[in-house]
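Colleague: Sequences and hints are given; from them, build the entire structure.
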Amino acid sequence: MKRLLIAAALFVGLFTAGSVLAADRAPTAATWAEAQALSAKTNRPIIIDFYADW
Amino acid sequence: MLIDPKAIDFFTNEMILVQINGDVDSTTKKQYGVQGYPTFVLVDKDGKEVDREAGYLETDNYIKKFRDYSKGIGTLEALLKEAGANKTRQLSFDIAYKYQWRGNEPDARAWYSSVITMGTAKDSMAGEARMALADMSMRKKDYALAINSFAEIATDFIGTPFAENADIYIPITYRRMGDTTKAITAFEDFIKKYPKSEEVEYAQKQIAKLKGEPPTEKK
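So the protein sequences, as listed, match chains W and R. For the first sequence, position 52 (counting from the first letter as 1) is numbered 52 according to the numbering used here, and the numbering increases by one without interruption. So the mapping is simple: the numbering used here equals the position in the second sequence, first residue as 1, plus 1000.
These are computed hints drawn from the structure, not numbers from a lab. Incorrect hints may appear among the rest.
To be verified - Derived CB-CB ranges, DEER-like:
#1 W:Trp32 to R:Lys1064: 22 to 28 Å
#2 R:Gly1036 to W:Lys41: 28 to 34 Å
#3 R:Tyr1143 to W:Thr31: 38 to 44 Å
#4 R:Thr1120 to W:Thr31: 46 to 52 Å
#5 R:Glu1199 to W:Lys41: 48 to 54 Å
#6 R:Thr1059 to W:Thr31: 24 to 30 Å
#7 R:Gly1055 to W:Asn43: 45 to 51 Å
#8 R:Leu1210 to W:Trp32: 40 to 46 Å
#9 W:Pro27 to R:Gly1036: 23 to 29 Å
#10 W:Thr42 to R:Gly1055: 47 to 53 Å
#11 W:Asn43 to R:Gly1212: 24 to 30 Å
Every value quoted in this text rests on a predicted model; they were computed, and no experiment measured them. Heads up, the beta-carbon is just placed ideally off N, CA and C, and yes, glycines get one too.
Modeller: Here you go:
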């Protein structure tokens, strides 16, 4: 039971940390198709950020 | 910039951001004529460009520019319309700049040339336009024209930052064309000519690299 509680606490902790990390950065559409679908749904324009791994 | 709370809010409520690695997706990069990174392109739902910004911008300025672009303010289309009614030198410069960063070299050249002919060939706006023209020649691999243009700017703008900027681009152009000997000589000439320049360290590093010397630790 104790192990189960620790595992559950760890899971909640990791989930919260993940959410905070996700909220610390501007949200991005995963693909162009997703961006188009979101744009059609919300009527928001799309900005493409071209970047390079340096 | 993308971790700024204002940017997070902007991309949560007003715009949709999609990131493309230009080195991986070279087709899309080419399609939009991306000239460097980062480049942010505002598009409509069909992917047609509204306008763009190249390089890093401070968040407030970035948000303002893209809000304006989304309303049709300050876009290339809007500037062209304005120039149709009243073609000023500043408008011509702004239009040329936009064409340049869209990778539309012929139109950029035409508008930068207008900037030069509308004023004197040796004032600061002409200097900017001439540097842009020379830079486009270099990127287009028209190296002879680029070197000639940079050399003319260095002569015409002697004693100004344009001359120094043009002079550092001469060895850079030689290096790009693969002429190591001329590149080294031109970098050495640059150091002799501008011993107090901020670019001296860069020039020294380039000489060492071109000579195949191992990098030295900064003291």
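Colleague: Each hint needs a verdict: does it hold in this structure or not?
Modeller: Here's how the hints hold up against the structure:
At roughly 26 Å, the beta carbons of Trp32 (chain W) and Lys1064 (chain R) sit within the given window of 22 to 28 Å. At roughly 32 Å, the beta carbons of Gly1036 (chain R) and Lys41 (chain W) sit within the given window of 28 to 34 Å. Between Tyr1143 (chain R) and Thr31 (chain W) the CB atoms are about 39 Å apart, so this pair conforms to the stated range of 38 to 44 Å. Checked against the hint of 46 to 52 Å, the C-beta distance between Thr1120 (chain R) and Thr31 (chain W) comes to roughly 51 Å, which is consistent with it.
Against the hinted window of 48 to 54 Å, the Cβ-Cβ separation of Glu1199 (chain R) and Lys41 (chain W) comes to about 50 Å, which satisfies the hint. For the hinted restraint 24 to 30 Å between Thr1059 (chain R) and Thr31 (chain W), the CB-CB distance of approximately 25 Å keeps it satisfied. In this structure the hint that Gly1055 (chain R) and Asn43 (chain W) lie 45 to 51 Å apart at CB is violated, the actual value being about 29 Å. The hinted window of 40 to 46 Å between Leu1210 (chain R) and Trp32 (chain W) holds, with their beta carbons roughly 41 Å apart.
The hinted range of 23 to 29 Å is satisfied by Pro27 (chain W) and Gly1036 (chain R), whose Cβ atoms lie roughly 25 Å apart. Roughly 28 Å separates the CB atoms of Thr42 (chain W) and Gly1055 (chain R), a value that falls outside the hinted 47 to 53 Å. Between Asn43 (chain W) and Gly1212 (chain R) the beta carbon distance is about 57 Å. The supplied range of 24 to 30 Å is therefore violated.
The earlier numbered hints that this structure contradicts are 7, 10 and 11.
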